Amino acid sequence: MSALESPQEDVLVSVRGLKTYYSLRGSFGQRLVGREAGHVKAVDDVSFDLYRGEVLGLVGESGSGKTTLGRTLLGLVPATEGTVTFEGEEITHKSERDLRALRRRMQIVFQDPHASLNPAMTIEQSVGHPLTIHRIARGGEYRRRVSEALETVGLAPAEQFLDKYPSDLSGGQKQRAVIARAIILNPLLLVADEPVSMLDMSVRAKILELMLNLKREFRFTYLYITHDLATAKFFCDRIAILYLGRIVEMGPSAAIYDDPKHPYTKALLRAIPEPDPLRSVPRDLPRGEVPDAASPPLGCSFHPRCSVAFEVCGWESRDLRDLLEIRWAQLSEAEFEAERSTIGDIVPLDAPSTSFRLAAGSGREGGDVLTLLETIRRETPDEPFWKGVRKLTAADRYVEVELFTPLVPRLLPLGSSQVECHLYDHDALQEAGNRRAETL
Amino acid sequence: MSVRALRVYYGTLRGTVRAVDGVSLDIGAGEVLGLVGESGCGKSTLGRGILGLLPEGAASDGEVLYNGQNLVTMSDKELRGLRGPELGLIFQEPMTRLNPLMRIEEHFAETLKQHEPSLDNREVRRRSLETLGRMGIPPTRFRQYPHEFSGGMRQRIMIALALVLRPKLLIADEPTTSLDVIVEAQILRILADLREDFGTALLLITHNLGIVAEACDRVAVMYAGQIVEEGSARQVFSEPAHPYTRELLRSTISLDTTKLHSIPGAPPNLIAPPSGCRFHPRCPDAMHVCVTKAPIEQALDGSRRVLCWLHGPAGEVPDDGWSQLERQQIAVAEEA
Amino acid sequence: MAATEPTDRAPVGSKRRLGGLRRTLAPVSEARGMTRTMLWFGAGLTLSFILIAVFAPVIAPYDFDTFQANGQRFAQLEAPSADHLMGTNVQSTDVLSRIVWGTRTELKVVLVSLFFSITIGVPLGLLSGYFGGKLDRVLVLVMDALFVFPFLLLAIVIAFLLADKVGQGILTAAIAITVVYIPLYFRVVRNHTISVREEPFVEAARALGARPFTVIRKYVFFNVVQNVPPLATLNAADAILTLAALGFLGYGIQPTDGAEWGYDVNRAVSDAASGIWWTGLFPGLAIVLLVVGLTLVGEGLSETINPVLRKRPKVDVDLGSTSEDEAGIL
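Chains A, B and C, in that order, are what the protein sequence lines are. Residue numbering for the first sequence follows the working numbering, starting at 1 and increasing by one per position. Residue numbering for the second sequence follows the working numbering, starting at 1 and increasing by one per position. Residue numbering for the third sequence follows the working numbering, starting at 1 and increasing by one per position.
You may find that some hints are simply not true.
In silico SDA-like links for lysine to any residue, alpha-carbon gap of 20 Å or less [as the list claims (entries may be wrong)]:
| id | chain 1 | residue 1 | chain 2 | residue 2 |
| --- | --- | --- | --- | --- |
| 1 | C | Lys218 | A | Ile133 |
| 2 | A | Lys266 | B | Leu255 |
| 3 | B | Lys259 | A | Glu217 |
| 4 | A | Lys19 | A | Ile91 |
| 5 | B | Lys168 | B | Arg80 |
| 6 | C | Lys218 | A | Arg97 |
| 7 | B | Lys113 | B | Asn99 |
| 8 | B | Lys77 | B | Glu56 |
Everything labelled a hint here was simulated from the structure, so no lab data went into it. Since the structure is predicted, the reported quantities are computational estimates derived from the model, not experimental observations.
Excised from the complex, chain A in its bound form (with noise of 0.2 Å):
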């Protein structure tokens, strides 16, 4: 990790292969034998530092691990492996108790401001509650604070709000007593979890506003979860674009938003619709979504939705599944039942792998497997699969199908970001190269 190492007393977290798993519960019969179902890599080697005072904004999509990675960094859900160091204190391995006192200096805001409030304390307990866990403050002093709190969010006057319910307050106003309930304490730190994408267009505007002053006054440092580039753009220092739980590209947000490196950031960005209505809906998009976590793509993980992948980005058998079937979506129906008689059972196909045979159906030979293969191949040039693959043999009943090993991508410097593709990997360019003249 000697790339991110800096001036030390300026960071405030540092975040060094931070890995987050979940278990997941199997399926009942898994869990009356006792075997474990796996786990779903929510975080996967992350590594990061947070300067004082900066923003940094985490942007990923659903399943990228943002989430996570802000609650693990809060200590609010346990790491797996790495650590996270806040202010030279490592907290990762701390037990909630210990983590309790540390609280006080690292907050955070959720996303649902109509569930982050307990709908049966009023505002003025919510917002104060805080002072009484921590003890720091209570009778005249306490009801001080909760006001001073609440005016600086631009709740005022405050006693009109003091003896309300959440349920009386409109959308933007309880996002302004969540983040009067997070700056109480004065923190250090504010995770900010999507903290505007519920509310309405018009109200965001003032939430970002009213953080960015926050920002300045107390001198905060926050990290800026979202999925909304467009408010990240605005509101961000430092940008990390998560993909299945790791980070693929960071940098400084000009950086990011005028050049783009990764394929994933670029596609992100022209995906964003725009109120230009000049522009329509592009139609050269990542197919697919973002996989399961639970079984991530082999190599880089954003490889089977990449428009550019080559030989080295980790294709495997699914890959080849998903190609026969956008193929076959797009046939009449004769046409598909031809093609699928012809390939028996693409099932084992699942199970990922770089080595495999795709079965002829009944009545057929691997011959015409290989025919199919090669006619798919010859109608579709530009399909990225093709790229990965090193050898198609025909046997009697199937067809032997070898794929080149995967590399796995480093998040390597480029420029003032880091970036995480072999686009960008002069050694993985290199062996791309090897394997095409094998091919050739």
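Following the hints, position chains B and C against chain A.
Below, chains B and C alone, put in the same frame as chain A:
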């Protein structure tokens, strides 16, 4: 389809909610119309009101004309016959609309056979697979259950289920809100292509101005139960005529945003909406007339119309009505 | 809710506690139609029994075991008359008096048993649901084991076991019923706790640094406890039946300790054959009425408080109210 002076009111204990209050709208064949507004402005109610899908305790009047028939006065049975083959609806959360115990195949068979009982199984299968294929769902997954599909796939299935009956008009209520941005764009692509692929008109209800701008031909902006501006997407977005449209566009955070902007105040409650123009308490251009008299719809160049005194009719404005309204400071407390 | 009222009271005032209760019960005042009728009718019935119990010494003409007045023994099995409005039974005691005093016994037992089962069942459910893990598994196992027994059998066994040590009084009967109902509260509270535990505001409380017990007390409890009143009322109805059944079978309150309807009904069984209806009818009717009253309140409460069963009150809409501001449109 043309909607004339449609009103939908809900009764609640606190009073009558005027969710849709005098809305007129035309949707041409094969057209993509965007209906945009903030939450609580009545846009979803309007979408359901058009199809006659209103909950108990709601009352509606006005006209929803489809092929010369008025849907508002139609019986439930007649409406049910229209829904499906003529008018389709796509909801926000696809999972709640698919029966978890039924295979995709059965969903299609049930829908098709309900409306076209004469179809045989082969034909059902052919038509379902064809529609699904166009949505990008492979035929190999025809016999799977809803839970085996991802969120985007389910929404594709829902769209396919609506389209398999070849409706003339599809109403999509926030069809992409629960989806990731790339999948959202994929779905929008499908919806924007409906006209070429199926000849279906689309009413796209959303709060996202970006979606409307990219996917729609025309756009209607809704505020507090009324349509305040309607016109071609290009015109409305490049030179908004209504102050609300302009302010909403300015407060939208996009990649080009360099300065945050917001509309003061909060959307009014629809039980007792403000007098005169419903936007006047938040409008930076409000004049004295806006407080007292409700604006009269004005047609602008082309097919545009706007509900704002700034565009007249001048004859209706009293002499002292033109002066700018003094803005009193709105406390944050009153806002969202 | 009065909005502007700057006071210097302690942050958690009694007024605000009541405010929370008022919010919980707010749907009750909004109840309409059938539910409203059920609630009011049930509440009326229940309230009259409570009044009877409270003012028993005033209302009852005699004591529950009085069989003579002014040195003169009452007639046995006397039909209802001006002296004895509901007649007398085989022991020459006044049936009306026994029913009035019996009301007191029934409500006492129910109150004591509810008190115990709630104070034991609710906290156990909270702990089990919030912490989960081994504690949860053990508690669920124990409670389910209790659930498996037919509840009457269980109550009988407990009443029998306690009879030697505590005697066959109100306390024994109450404990026997308590044990039967603890698993009910435990289950309901535990299941709700498990779902409330996943709410963001509970996680927020953890993020604030609150101790687990603070979280349970201030964040979980109030959001779970609103399920208890409907359950408690329904249970009360059930408890009356259980108590009456115990009394009927002879395991309930001893006749020397107090009047009890179930016991009276049992004694009346043989009377019925000889056409003496008043000894059986009146205690039976009392049981039915009180149980019906409590059940109606309970069902009404759960229908109004439980959001799943709650129906949006239907209010008629007057579309004719075209105000002048609509004239401009179109």
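Item to complete: With a cut-off of 20 Å on the C-alpha distance, tell me whether lysine 113 (chain B) and asparagine 99 (chain B) pass.
Response: holds, 17 Å
Worksheet item: Is the straight-line distance between the alpha-carbon of lysine 218 (chain C) and that of arginine 97 (chain A) 20 Å or less?
Response: holds, 19 Å
Discussion item. Holds or violated: lysine 266 (chain A) and leucine 255 (chain B), Cα atoms, limit 20 Å.
Written reply: Measuring from Cα to Cα gives roughly 13 Å; hence the hint holds.
Worksheet item: Taking only the CA atoms, is the gap from lysine 218 (chain C) to isoleucine 133 (chain A) under or equal to 20 Å?
Response: With Cα atoms ~11 Å apart, lysine 218 (chain C) and isoleucine 133 (chain A) stay inside 20 Å; holds.
Item to complete: Verify the proposed pairing of lysine 259 (chain B) with glutamate 217 (chain A), using a straight-line Cα cut of 20 Å.
Response: holds, 19 Å
Practice prompt. Quickly compare the C-alpha distance for lysine 168 (chain B) and arginine 80 (chain B) to 20 Å and report which way the hint goes.
Written response: Holds. Lysine 168 (chain B) to arginine 80 (chain B) sits at ~15 Å (cutoff 20 Å).
Discussion item. Can you confirm whether the C-alpha distance between lysine 77 (chain B) and glutamate 56 (chain B) stays at or below 20 Å?
Written reply: holds, 16 Å
Worksheet item: Would the pair lysine 19 (chain A) and isoleucine 91 (chain A) pass a check requiring their Cα atoms to be no farther apart than 20 Å?
Response: Holds, at roughly 14 Å.
In summary, the structure agrees with every hint in the numbered list given earlier.
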